[in-house]
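A.B. asks: Letter by letter, the chains look like this.
Protein chains: 2
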Amino acid sequence: MAAYSLYYWPIPFRGQFVRAVLAHAGASWEEAGPPLVAATRAAPPAEQPVPHMGPPVLTETATGQSVSQMPAILMWLGERHGLLPDTPHGRAMALKVILDANDVLSDMTRANGAQMWTPADWEAFLPRLHRWMALFEETGTRHGLTPAAGTLLGTGTPGLADLATATLWGTICARFPVLRPALDTHAPGVAALTDRIRALPEQAALIAESDAAWGDVWCGGQIEASLRRVLDP
Amino acid sequence: MAAYSLYYWPIPFRGQFVRAVLAHAGASWEEAGPPLVAATRAAPPAEQPVPHMGPPVLTETATGQSVSQMPAILMWLGERHGLLPDTPHGRAMALKVILDANDVLSDMTRANGAQMWTPADWEAFLPRLHRWMALFEETGTRHGLTPAAGTLLGTGTPGLADLATATLWGTICARFPVLRPALDTHAPGVAALTDRIRALPEQAALIAESDAAWGDVWCGGQIEASLRRVLDP
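From first to last, the protein sequence lines stand for chains A and B. So the first sequence is numbered by our numbering: it starts at 1 and just counts up by one. So the second sequence is numbered by our numbering: it starts at 1 and just counts up by one.
Just chain A, with the same shape it has in the complex (with noise of 0.2 Å):
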């Protein structure tokens, strides 16, 4: 019997914050399935596990409680794992940094698809992408990060903050590596960061599997379809 149950659907994305730290952390987890997370966002808000709009939701299995909003589950997993800084602040920058890739996980999205990329928006956005890569790469700046070394929040060993980083500019980069030398220019510190992270054992396995279930999938959907023709054109 896995020690949680993950509500997403079969795509990196937002759940593969969650499967990264549940990685980084060697807590088992079973992915509940397509039909039953789709029935189980759509049930009555009693019938739900956790009252949710969407997912991820992550349940625990001993306990039966239950977690939704990938920021909230993250610190969920921090706190009892032991991936969060030792102070108030720390931690708090903790949650911005994850906060921050959940901005930009929108951003490139455009709100999870609300409107479809164009040649002329994916231009005009592309500042403002650079500038996400700036301010992740200031933060560990300031904490200590070169190409060479160190973690996003100065923390000993690499916690919540670095395994959000290094899962959304790795993901990304990945799937679109065309925005790879970006990154290397805005963020090089991070760039390095995301590559060592990656090549721990727990997260290779990770991507490896999700890799071979998933191919090359990211958000999924028309949004992907557009963002793939701007970026491939």
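Computed spacing ranges between beta-carbons, pair by pair:
| hint | chain 1 | residue 1 | chain 2 | residue 2 | range |
| --- | --- | --- | --- | --- | --- |
| 1 | B | 182 | A | 41 | 13 to 23 Å |
| 2 | B | 144 | A | 128 | 42 to 52 Å |
| 3 | A | 64 | B | 38 | 46 to 56 Å |
| 4 | A | 46 | B | 180 | 17 to 27 Å |
| 5 | B | 87 | A | 38 | 22 to 32 Å |
| 6 | B | 128 | A | 128 | 18 to 28 Å |
| 7 | A | 121 | B | 38 | 18 to 28 Å |
| 8 | A | 30 | B | 44 | 37 to 47 Å |
| 9 | B | 146 | A | 146 | 53 to 63 Å |
| 10 | A | 33 | B | 35 | 47 to 57 Å |
FYI, nobody ran anything at the bench for these hints, they're computed from the structure. The structure presented is a predicted model; accordingly, all values stated were derived computationally and were not measured. Beta carbons are placed, not taken as given, at the ideal position from N, Cα and C, and that holds for glycine.
Given chain A, work out where chain B should sit, using these hints.
C.D. replies: Just chain B, lined up with the frame of chain A:
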């Protein structure tokens, strides 16, 4: 000298969540003011108090420490001022509620004004808005909230989740009274909780002060104008 500086626009919207928690905690703060907020937001990341894409940013005077991202600021304050449940799951649920509130703000503004409201789009959105209300209500119901008494997460005293809930729905219904009947229908316990929180002396004083300073504005800009057009045609 105030204990904190808040970088945010002279409107309620996301900043009001931070103000509500500061007021509840009895912590003094000063508003940085629009020129400094705008200059700080646009500054190179290395010159920002904390690297951020947009406000709110909260800076503690005594330490100079800063945090951006509304939910991260709230969790920082919540931990320091004892406004969080006493279990990891309870704390994750408090954050989940704050993130839901943040998502409602995004939905109501079509991703911070990425698109304007049309009557047809608003009609199509209404079932989702009502479901948001029902999700908040079900969260409270599971923790013993009734129209007569209780808190959203069953804590003995109001905490972050209650302040976020009341700030979300209370400000929306104050600015757009046409939406209050729907809250009463889909979330009667939350509507009553919202009224109880807003009647606390610190919240009542904050509301009176904000209304006097800024009038009827909610999120501001063209998106608020388009929202008012569909709500009061």
